[in-house]
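Assemble the whole structure, with the sequences as input and the hints as a guide.
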Amino acid sequence: MLCPDGKYRWVYDVPMLKNPSILFEVFFVLGVSFGVVWLFVMLLGGCSSHFRLSEMWDITRGFLILIAVFFVLGCVAYFFVSWYYGWKYSILFIMDEQEVVHKQLPGTEGKARAIGKLTALAGAAGGKAGMAGMGILVASRTSMSSSFSSVRRIIACRRRHLIKVRERFSRNMVFVADEDFDFVYQFLCAHCPHARKD
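When we follow my numbering, the leftmost residue of the sequence shown carries the number 1, and every step to the right adds one.
Hint data in this document are derived by calculation from the structure and do not stem from the laboratory. Hints should not be assumed to be uniformly reliable.
For lysine-lysine, the following BS3-like pairs were computed, each having C-alpha atoms within a straight-line distance of at most 30 Å [unchecked claim]:
id, residue 1, residue 2
1, K164, K197
2, K7, K164
3, K18, K88
4, K18, K103
5, K164, K88
6, K164, K18
7, K197, K18
8, K103, K7
9, K103, K164
10, K197, K103
11, K88, K7
12, K103, K88
13, K197, K88
14, K7, K197
Pair ranges (Cβ atoms, derived) [to be verified]:
id, residue 1, residue 2, range
15, A77, S147, 27 to 35 Å
16, I65, C189, 36 to 44 Å
17, S54, V29, 24 to 32 Å
18, E179, G86, 22 to 30 Å
19, L53, R159, 36 to 44 Å
It should be emphasised that the depicted structure is a prediction, and the values quoted were computed from it without experimental measurement. Each residue gets a CB set at the ideal place from its N, CA and C atoms; glycine is no exception.
Below, the structure is given as structure tokens:
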């Protein structure tokens, strides 16, 4: 819907169990985090003159077990969060000539803050600074914007009603109904001069 201020606005309810796009994004971030830590540990071990291939495999096996545990915990947590949100994630999108904004709707926003605070408390109680920091970030962040001049890649995932908008250090998810998908995708492609289009 084109509003009088010249901005396009629409609301999309992501059915969280039927459309696992958010879960895939969480797994991607976790995978990158584990990969960076694994690489760092391997580099540290490689600097030691006593580091052997068997030790490398033991560390890698430990990381693989952790990844499997986090995969299971992530699926359980995602199911719980889906239930808490009423099985849908409601988002308001605002798009103009310069940017697209992904903003949680007020009902979802309050629930996201509550989950973030619980995560922060659980992390602090367990002595896990990273978990506490992630919870604080979730509790404080309710919107994400992508400036078109900084977008590096646009990926259309029509079956999931999703257009991925990638900047160098951020990954925005723009959900669009079938009838508006082509318009929004073409608008993004036309206004992101440095983006590769997929």
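ask   = Taking only the CA atoms, is the gap from K7 to K164 under or equal to 30 Å?
value = Holds, at about 20 Å.
inquiry  = Verify the CB-CB distance for E179 and G86 against the hinted window 22 to 30 Å.
reply    = holds (24 Å)
ask   = Does the alpha-carbon distance linking K164 and K88 stay inside the 30 Å limit?
value = Answer holds: K164 to K88 is near 19 Å, not above 30 Å.
request  = Confirm or reject the claim that L53 and R159 have a C-beta distance inside 36 to 44 Å.
outcome  = holds (43 Å)
ask   = Holds or violated: K103 with K164, Cα cutoff 30 Å?
value = holds (15 Å)
ask   = If you draw a straight line from the CA of K164 to the CA of K197, is it 30 Å or shorter?
value = Given pair K164, K197 holds - Cα atoms ~10 Å apart, limit 30 Å.
30 Å limit on alpha-carbon distance, applied to hinted pair K103 and K88 = Holds: K103 and K88 sit about 14 Å apart, inside 30 Å.
message = What's the verdict on K103 and K7, does the C-alpha distance respect the 30 Å limit or exceed it?
response = Judged against 30 Å, a Cα distance of about 14 Å means the pair holds.
query = Are the Cα atoms of K197 and K88 separated by 30 Å or less?
reply = holds (28 Å)
key: Agreement of K197 and K103 with the hint, judged by alpha carbon distance not exceeding 30 Å   = Between K197 and K103 the Cα gap is close to 24 Å, so the pair holds against 30 Å.
message = For K18 and K88, compute the direct alpha-carbon distance and say whether it is at most 30 Å.
response = holds (10 Å)
ask   = Holds or violated: 27 to 35 Å for the Cβ distance of A77 and S147?
value = For S147 against A77, whose Cβ atoms are near 31 Å apart, the range 27 to 35 Å holds.
Consistency with the previously given hints is maintained throughout, with no hint failing.
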